[in-house]
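> In the numbering used here, the protein residues as written are 4 to 377.
Simulated from the structure, these hints should not be mistaken for lab results. The beta-carbon is built from N, C-alpha and C at its ideal position, and this holds for glycine as well. Some hints here could point you the wrong way.
Said to hold, decoys possible - For each label pair, taking beta carbons as the anchor points, the in silico distance ranges come out as:
| no. | residue 1 | residue 2 | range |
| --- | --- | --- | --- |
| 1 | Leu-215 | Val-364 | 49 to 57 Å |
| 2 | Pro-74 | Ala-329 | 57 to 65 Å |
| 3 | Ala-366 | Leu-332 | 47 to 55 Å |
| 4 | Pro-181 | Arg-71 | 15 to 23 Å |
| 5 | Glu-359 | His-249 | 19 to 27 Å |
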Amino acid sequence: MAESFLPRVNGVSNTVRQVVARLGAQGRECIVIAPDFCLDDHVEGVPVVRMKSLQLPGVPDVDVAFGRAAPIAGILDDFGACVVHLASPFILGARAQSAAESLGIPTVAVFQTDVAGFARHYRLGPLTGIADAMIGRIHRRATMTLAPSRSSADYLHGLGVRRIRSWGRGVDLRLFRPDARCVHLRERLGGGLPLVGYVGRLAPEKRIEALLPLAHRTDIRLVIIGDGPEQAFLRRAMPHAVFLGHLSGPALASAMASLDVLVAPGELETFCQVIQEAMASGVPVVAPGVGGPLDLIEHGRDGLLYPPGDHLALVAAVEQLVGSRALRLRIADAGLERVSLRSWDALTDELVGHYEHVCRVNARVGRASVAAAA
4 MAESFLPRVN GVSNTVRQVV ARLGAQGREC IVIAPDFCLD DHVEGVPVVR MKSLQLPGVP
64 DVDVAFGRAA PIAGILDDFG ACVVHLASPF ILGARAQSAA ESLGIPTVAV FQTDVAGFAR
124 HYRLGPLTGI ADAMIGRIHR RATMTLAPSR SSADYLHGLG VRRIRSWGRG VDLRLFRPDA
184 RCVHLRERLG GGLPLVGYVG RLAPEKRIEA LLPLAHRTDI RLVIIGDGPE QAFLRRAMPH
244 AVFLGHLSGP ALASAMASLD VLVAPGELET FCQVIQEAMA SGVPVVAPGV GGPLDLIEHG
304 RDGLLYPPGD HLALVAAVEQ LVGSRALRLR IADAGLERVS LRSWDALTDE LVGHYEHVCR
364 VNARVGRASV AAAA
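Work the whole structure out from these sequences, hints included.
So, in structure tokens, the structure goes:
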């Protein structure tokens, strides 16, 4: 079950796409239950069942699906599901969890989205407490919760969730590589200037406005890769920056590897996948010392962290990297080493291990219940 899915481009949809592709390659059968933002019924060769959804007012690119538990239970029963993976569960995830419970199917709830943080950011204050309550209820009921970072695990623990294990994200090491760097692209984008980039959705919660001081400098070129609801505003605010729009596949890999520094300024990241992709591309990263980046970057070794909200420190970190090729190379090498064992194949194998564990737990609980009834 995916609370968000393709064609939406975000961490949840990308993770589900990567996982189902590799499960299919292993010969494992799976289906995806997702919002009906589009009607594609297969992705990566895997069937997708679309549930009726609406876009959340005031929050761009967020779909809220309202599938009922009974029809979802029918889908799971017909498919013969052994385990239900709840990807960033909230509204649809809660219904899918109820459906799984009614059939005695174990659930693995993967925490990926700081819904309460989003509510605060979008000034939906009354929803913050509701979000915390719903997230806590879902993850307490799950057979297992997978947290992507220590900060996420701490947050969930504070909501009373106990059955928590760690599971990060993989990176496509075949796609993101240092040798994807393109000299001609670098010349076209910067004309010889150092390239400092942002890669991701152009949305308010990503704090891209923190890059404004860099956009007006003449000694670097700011490169923005991605699209989203803030694109028009950012183009007006950053007239000297280069906007490449949404890129994917080899084009994204080439653009990423051609950067000198990547900045990931978002402060609501439960993980921050783009950090791993930059590391795999041989590009040093600057990020705030909060949330997911704390687990991905050892400050001064394989990246630079700055205090959240301190835009002057962000600029200083970028200047430090741009001003020292030796430092860039040292940090890039350490980052590449850090992600070298984090392929999606390895992370999917790890995930399958979690699936197998909850199935064993569920079987033991079932046997104990039968014995007690006898």
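> Among the hints numbered above, which are violated by the structure, and what are their numbers in rising order?
4, 5
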